[in-house]
Amino acid sequence: MPVAVEEDRLTETFAALANPTRRAILARLAQGEATVNELATPFAMTLPAISKHIKVLERAGLVVRGQLAQYRPCALDGAPLAEVSTWAEQYRPIWESRFDRMDDYLKRLRP
Amino acid sequence: MSDGINSSTDAVVIERSFDAPVEFIWQMWTVPEHFQAWYGPSGAEVTVAKIDLRVGGTRLICMLFQSPNGPMQMWFTGEHHEVIENKRLVYTEAIGDENGRISSPTEMGMPEGHPVITEVRVDLESIEGGTKMIMTHLGIPPESPGAAGWTMALDKLATYVASRGN
Chain F
1 MPVAVEEDRL TETFAALANP TRRAILARLA QGEATVNELA TPFAMTLPAI
51 SKHIKVLERA GLVVRGQLAQ YRPCALDGAP LAEVSTWAEQ YRPIWESRFD
101 RMDDYLKRLR P
Chain W
1 MSDGINSSTD AVVIERSFDA PVEFIWQMWT VPEHFQAWYG PSGAEVTVAK
51 IDLRVGGTRL ICMLFQSPNG PMQMWFTGEH HEVIENKRLV YTEAIGDENG
101 RISSPTEMGM PEGHPVITEV RVDLESIEGG TKMIMTHLGI PPESPGAAGW
151 TMALDKLATY VASRGN
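Chains as they are written, first to last, in my numbering: chain F, 1 to 111; chain W, 1 to 166.
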């Protein structure tokens with residue numbers, strides 16, 4: 001995979017994890033698959049709100065949905081988590097975006 | 001490398017070229033006003049940057065994040081190890097408090113004895129039309145969970161998932 005694509009994917013994984021509700025959903029799924037209804041139970045949130053969070057997790061590849069039309073249970077996919085598991089991989093995107101900002105800032109100082 | 005930082009470390013090495021002289025890039029790292037302008041990760045604001053620019057001099061950085069539970073402050077503290085103007089800057093970084101006290105691993109939800117200090121090295125070189133910068137962030141062993149604030153939840157989750165034999 002080209003580096004840029006990998007980094008995009010990491011950004012998406014990080015964005016998906018940067019929300020406590022979504023992390024709670026993943027923690028629940030780590031215990032086994034669940035339906036959207038089951039996932040919504042512990043939260044004081046509407047089903048559409050929970051569905052939105054699940055869609056973000058799906059796009060990040062962290063959650064896969066079953067094909068059973070009626071229930072479509074959600075299950076956890078740990079592969080993207082393994083990608084961000086090393087320390088350097090967690091920090092690289094942070095530094096890269098810092099230096100993008102440094103570059104922008106320099107351009108503002110010396111147009 | 002010793003200085004209490006684990007030698008078998010994982011590191012981030014980033015090389016960048018900037019269309020500005022080395023003096024400018026040096027100031028980006030060493031002048032609080034400039035450092036504050038770019039350093040905070042997206043969504044964070046650097047509200048305090050005290051930089052005592054000499055070997056043994058301390059650094060104290062405060063970042064303000066907007067979390068779902070309201071604004072959240074994080075303090076980082078460190079010490080300058082090498083200060084060679086326009087050429088090389090080396091400093092340590094650790095999570096601490098507003099008084100510059102380093103938090104213990106247990107306070108941060110990590111096992112006792114877990115390394116908490118990382119090191120940032122910045123090497124600058126004048127090139128035609130600008131500056132080449134090599135930033136090395138030396139961290140903790142790759143097999144350890146991450147040491148910094150917001151990644152902790154992710155690490156806990158990853159460990160949790162792994163323990164479930166996913």
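Since the hints were made in silico from the structure, they are not lab data.
Hints may contain errors.
DSBU-like mimics (lysine-lysine), calculated; alpha carbons at most 30 Å apart, straight line [stated by the list, open to error]:
1) W:K50 with F:K107
2) F:K107 with W:K132
3) F:K107 with W:K87
4) W:K87 with W:K50
5) W:K50 with W:K132
6) W:K132 with W:K87
Remember, it's a predicted structure, so these values are computed and weren't measured experimentally.
Outcome of the hint check:
no.	hint	result
1	W:K50 with F:K107	holds, 25 Å
2	F:K107 with W:K132	holds, 16 Å
3	F:K107 with W:K87	holds, 21 Å
4	W:K87 with W:K50	holds, 21 Å
5	W:K50 with W:K132	holds, 26 Å
6	W:K132 with W:K87	holds, 10 Å
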